[in-house]
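Residue numbers (numbering that gives the first Met the number 0), protein chains in the order written: chain A, 0 to 396; chain B, 0 to 313.
Keep in mind that the hints were calculated from the coordinates and are not lab data. Virtual Cβ for every residue (Gly too), placed ideally from N, Cα, C. Be a bit skeptical, because a hint or two may be false.
Result set (EDC-like, lysine to aspartate or glutamate): computed pairs, CA atoms no more than 20 Å apart in a straight line [said to hold, decoys possible]: (1) Lys332/A <-> Glu289/A; (2) Lys106/A <-> Glu185/B; (3) Lys106/A <-> Glu139/A; (4) Lys303/A <-> Glu330/A; (5) Lys31/A <-> Glu50/A; (6) Lys94/A <-> Glu50/A; (7) Lys315/A <-> Glu251/A; (8) Lys97/A <-> Glu107/A; (9) Lys118/B <-> Asp194/B; (10) Lys118/B <-> Asp79/A; (11) Lys200/B <-> Glu139/A; (12) Lys266/A <-> Glu251/A; (13) Lys97/A <-> Asp194/B; (14) Lys155/A <-> Asp205/A; (15) Lys285/A <-> Asp316/A; (16) Lys333/A <-> Glu300/A; (17) Lys97/A <-> Asp267/B; (18) Lys200/B <-> Asp163/A; (19) Lys106/A <-> Asp194/B; (20) Lys70/B <-> Asp267/B; (21) Lys380/A <-> Glu358/A.
Looking from chain A toward chain B, a few residues come up when the C-beta cut is under 7 Å (computed) [what the hints assert, rightly or not]: (22) Ala116; (23) His120; (24) Phe129; (25) Gly130; (26) Ile246.
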Amino acid sequence: MSNAKIVVNGLYKIFGSHPDQAYELLQQGKDKDEIFETTGNTIGVKDASFEVYEGEVFVVMGLSGSGKSTLVRMLNRLIDPTYGVVEIDGRDIVKMSKSDLIQVRRKEMAMVFQSFALMPHQRVIDNAAFGLEVAGVPREQRYERALKSLEAVGLKPNAYSYPDELSGGMKQRVGLARALTNDPSIMLMDEAFSALDPLIRTEMQDELLRLQSEQRRTVVFITHDLDEAMRIGDRIAVMQDGAVVQIGTPEEIVTSPANEYVSSFFKGVDVTQVFQAGDICGKGPKTVIERAGSDLNSATEALKNSADEIAFVIGKDRKYEGLVTAESLLEAKKNKGGKLENALVANIEAVRADMSLSEVLHRVAHSRYPVPVVDDNNVYKGAISKTALLQTLDRAV
Amino acid sequence: MNPEDWIEINIGQWVENLVGFILDNFEPVLDAISAAIGFVALGLENTLLAINPLVLSAILILLALWRVGWKFAVFVLLSMVLILGMNLWDPTISTLALVVGASFVALLVGFPVGVAMAKSDTVEALVRPILDFMQTMPPFVYLIPAAMFFGLGKVPGTIATVVFAMPPVVRLTNLGIRQVSVENVEAGRAFGCTDRQLLYKVQLPLALPSIMTGVNQTIMLSLSMVVIASMIGAGGLGNVVLTGIQRLNVGLGFEGGLGVVIVAILLDRLTQSFGRIRTSEGFFTRLMRALKGEQQKPTVTGSEQSETPRRAAS
Numbered sequence: 000m001s002n003a004k005i006v007v008n009g010l011y012k013i014f015g016s017h018p019d020q021a022y023e024l025l026q027q028g029k030d031k032d033e034i035f036e037t038t039g040n041t042i043g044v045k046d047a048s049f050e051v052y053e054g055e056v057f058v059v060m061g062l063s064g065s066g067k068s069t070l071v072r073m074l075n076r077l078i079d080p081t082y083g084v085v086e087i088d089g090r091d092i093v094k095m096s097k098s099d100l101i102q103v104r105r106k107e108m109a110m111v112f113q114s115f116a117l118m119p120h121q122r123v124i125d126n127a128a129f130g131l132e133v134a135g136v137p138r139e140q141r142y143e144r145a146l147k148s149l150e151a152v153g154l155k156p157n158a159y160s161y162p163d164e165l166s167g168g169m170k171q172r173v174g175l176a177r178a179l180t181n182d183p184s185i186m187l188m189d190e191a192f193s194a195l196d197p198l199i200r201t202e203m204q205d206e207l208l209r210l211q212s213e214q215r216r217t218v219v220f221i222t223h224d225l226d227e228a229m230r231i232g233d234r235i236a237v238m239q240d241g242a243v244v245q246i247g248t249p250e251e252i253v254t255s256p257a258n259e260y261v262s263s264f265f266k267g268v269d270v271t272q273v274f275q276a277g278d279i280c281g282k283g284p285k286t287v288i289e290r291a292g293s294d295l296n297s298a299t300e301a302l303k304n305s306a307d308e309i310a311f312v313i314g315k316d317r318k319y320e321g322l323v324t325a326e327s328l329l330e331a332k333k334n335k336g337g338k339l340e341n342a343l344v345a346n347i348e349a350v351r352a353d354m355s356l357s358e359v360l361h362r363v364a365h366s367r368y369p370v371p372v373v374d375d376n377n378v379y380k381g382a383i384s385k386t387a388l389l390q391t392l393d394r395a396v
Numbered sequence: 000m001n002p003e004d005w006i007e008i009n010i011g012q013w014v015e016n017l018v019g020f021i022l023d024n025f026e027p028v029l030d031a032i033s034a035a036i037g038f039v040a041l042g043l044e045n046t047l048l049a050i051n052p053l054v055l056s057a058i059l060i061l062l063a064l065w066r067v068g069w070k071f072a073v074f075v076l077l078s079m080v081l082i083l084g085m086n087l088w089d090p091t092i093s094t095l096a097l098v099v100g101a102s103f104v105a106l107l108v109g110f111p112v113g114v115a116m117a118k119s120d121t122v123e124a125l126v127r128p129i130l131d132f133m134q135t136m137p138p139f140v141y142l143i144p145a146a147m148f149f150g151l152g153k154v155p156g157t158i159a160t161v162v163f164a165m166p167p168v169v170r171l172t173n174l175g176i177r178q179v180s181v182e183n184v185e186a187g188r189a190f191g192c193t194d195r196q197l198l199y200k201v202q203l204p205l206a207l208p209s210i211m212t213g214v215n216q217t218i219m220l221s222l223s224m225v226v227i228a229s230m231i232g233a234g235g236l237g238n239v240v241l242t243g244i245q246r247l248n249v250g251l252g253f254e255g256g257l258g259v260v261i262v263a264i265l266l267d268r269l270t271q272s273f274g275r276i277r278t279s280e281g282f283f284t285r286l287m288r289a290l291k292g293e294q295q296k297p298t299v300t301g302s303e304q305s306e307t308p309r310r311a312a313s
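The shape of chain B in the complex, shown without the other chains:
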């Protein structure tokens, strides 16, 4: 006797029914979502593709110089040369647009959810298992309903990516806000913050490093999902890799993979640079100052500083 014969729980059937029900009854909603996502994802891609590769490369290099430093700028320069040399510019930009678009939507939804979780234990208790579910479900599974609801192409690719990539920003926003020191929150309240002021002036700024880690993780997850999403026609570098697999073309697969790695490093370094609380001057501030012929701002060292107040107090 096979136990599988007498226990019958047909979850698969239920899910299919549910998907069918949604398809039959919520078509206008799905169309609206599709239009909105399509507008963001395709709009971004078309814009980026319309820019001359050299101009876009120059912009990225300058961004690297401003946010990270000259070494990273050199790295970006070499990467751009490599991508153009491999003839992978268009798929790379397509992937970049997809990742940025999907991350943008994931943040748009995930960040407020994270804040709500931090503010209420009930919301946290409800959302946490959903996040666990979203993260542990194999990413391929998302492709099926996404394709059924939205057909093939960039829009379902983006949506599957959003679902897969959202949990980190939700989790780390929640964690970041909850980890703000009690006394800082008390200070905010003791000086007369309203709830909203407390959030904007104390909790979010102090949670920023953690939130940015979440943003960074969400972007990285989007990138990994974008490759998988090429199976439902999301295009981009994922498509190159997929073609490599299908034709057992090691070289093509490697080139596509290299492109993904370059996009990953680029996005990672740039987003991380926004998570730091900047206290020293950036490159451009120094450059502008140098151009105006001003003196370097006298930076006070620790030892000098601890002298000043005592002198002033005595």
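Extracted from the complex, chain A is given alone in its bound form:
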């Protein structure tokens, strides 16, 4: 996962003639507007450096005019960078010859566009086969592969329709299929779902995630929509005025935004979608009793010495077993023969760490006790108390 597929280093795009002068002013710390006044140059992207790892969905987020579309176009050189390095699999495409670049575009990377950019005079199947047609693949082969990718996006029945007979969502499926047909290792998606209505957009995001789960490609996804970024991004880069101001996982960016601009994105964001149970389970009660080597007396003692009202009981390999309270321990001592197992409070089921907060919200709100969190193998990770939940919700507002 940590192989760098795309390495971007010191990337600049300065529009207009005589970029050197504008570059000098940039180094002196002048801002966009000042530079435009003095030189007439527009700063598209300034000093962007980042790595995109193989197989991840790397989201570039920013308001319109922040340079994200320019940035993604420099990755396949639809726009030539003014300065800097873009390495794809270790090869600098900025210095590449035109014919090498065309080969890279045909084999390594495909692009999906906001306005779909389908060819209206071609049928869906020809659109899907466009990349192969350009590369000179014989008709039968390219139709075969195009049909396969159309099938992957659920459009095989419409292969012989024309684009203007399709709805918006279907058109973008064709756009997606066209990108998939080339079997690229990198997909560049420029606001790919922004033109779709919200319901279809979510559907397409799911589609993308599903396709990623079948075959992991490196995806660079441009969006201005935070919810979308949170949903599909493994990591997010936030751009402001042409510069990358923060790179991190969705959680990192929400919990510690680099500046006011980044945090302004999260105003009104549904944090219950952003956070998972595992992210906040460290803040619950900390008392844990290992069943092996404990009995009712030592458990009661441990609970008494802690600040917590309850304790979680774990077994071999830290597997979650249950929860005890002072009352349940006392009860067990009196009536049930003095075994620790008998002191466990009934019906306390753990939630999984990868569940989103929205899914566990109800459980935590209606449970008398903090809700334990476990991973896929039932290993105890922590617990979520009502207080911790409220604090999380509060901070994000």
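Starting from the structure of chain A, add chain B where the hints point.
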């Protein structure tokens, strides 16, 4: 004091000198152009005139049926009857040949110029004023050098027509290519088009409606010029109109004019039909299918379509 007495700019003299210079020094070139144009224009006319009027009418009617529809086919049928009834078949065909020949040459030259303009801002800046000049100069003016270079007859008529009719196809080819959406061009490049592939696979197909409008306009302008060109002996329906003027014969003039209108409608509808991006089946496809006894291809309606992918995806 008349200011005209002390300012003397003799452009007329210069132009005459230039024409004289060309005549003296480039005669072989002029002869070659004349031969080439003559081959196209006269060849076409002779071919069309050699076909029996009924056969040619039938061909035109079928063409109308295929490209436009049965109503237009009926119109073409009535037009042919009218032209034969007015005894104007030969001049009409002569005009048709002249228009088609001149338009063909205008497109042959104009289309590449339009593409070059779209590809380069410099070329556009250079060509645009020339086009403006060509379009605003009164068409009669072209007749003089054309007659001087090439004498009287069909060849100078065709050449004057080419010059007058070329601008629309140049302009609209340029405009059409420049108006292709940026993302479509980017898509072409992002999937690895070479410059040539980008032109043939993306820009020209998407500019086609605009280019065909240009072709249509060029043909219409040729038609209007062909009437004027009859003054230097281009012949055809223009000659009929001209004779009508000279003899103040209203009836003859009207008949000639009617012939021009019919040719115009015919060419207009037919060329426009090629500008549409056809997605539905034409008449003959349906006819062939019916003859083979096949079922109509199930056409999927919008509502059905939007259902399918969602079902497939869920």
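Hint numbers not upheld by this structure, sorted from lowest to highest
Numbers 5, 7, 17, 26, in rising order.
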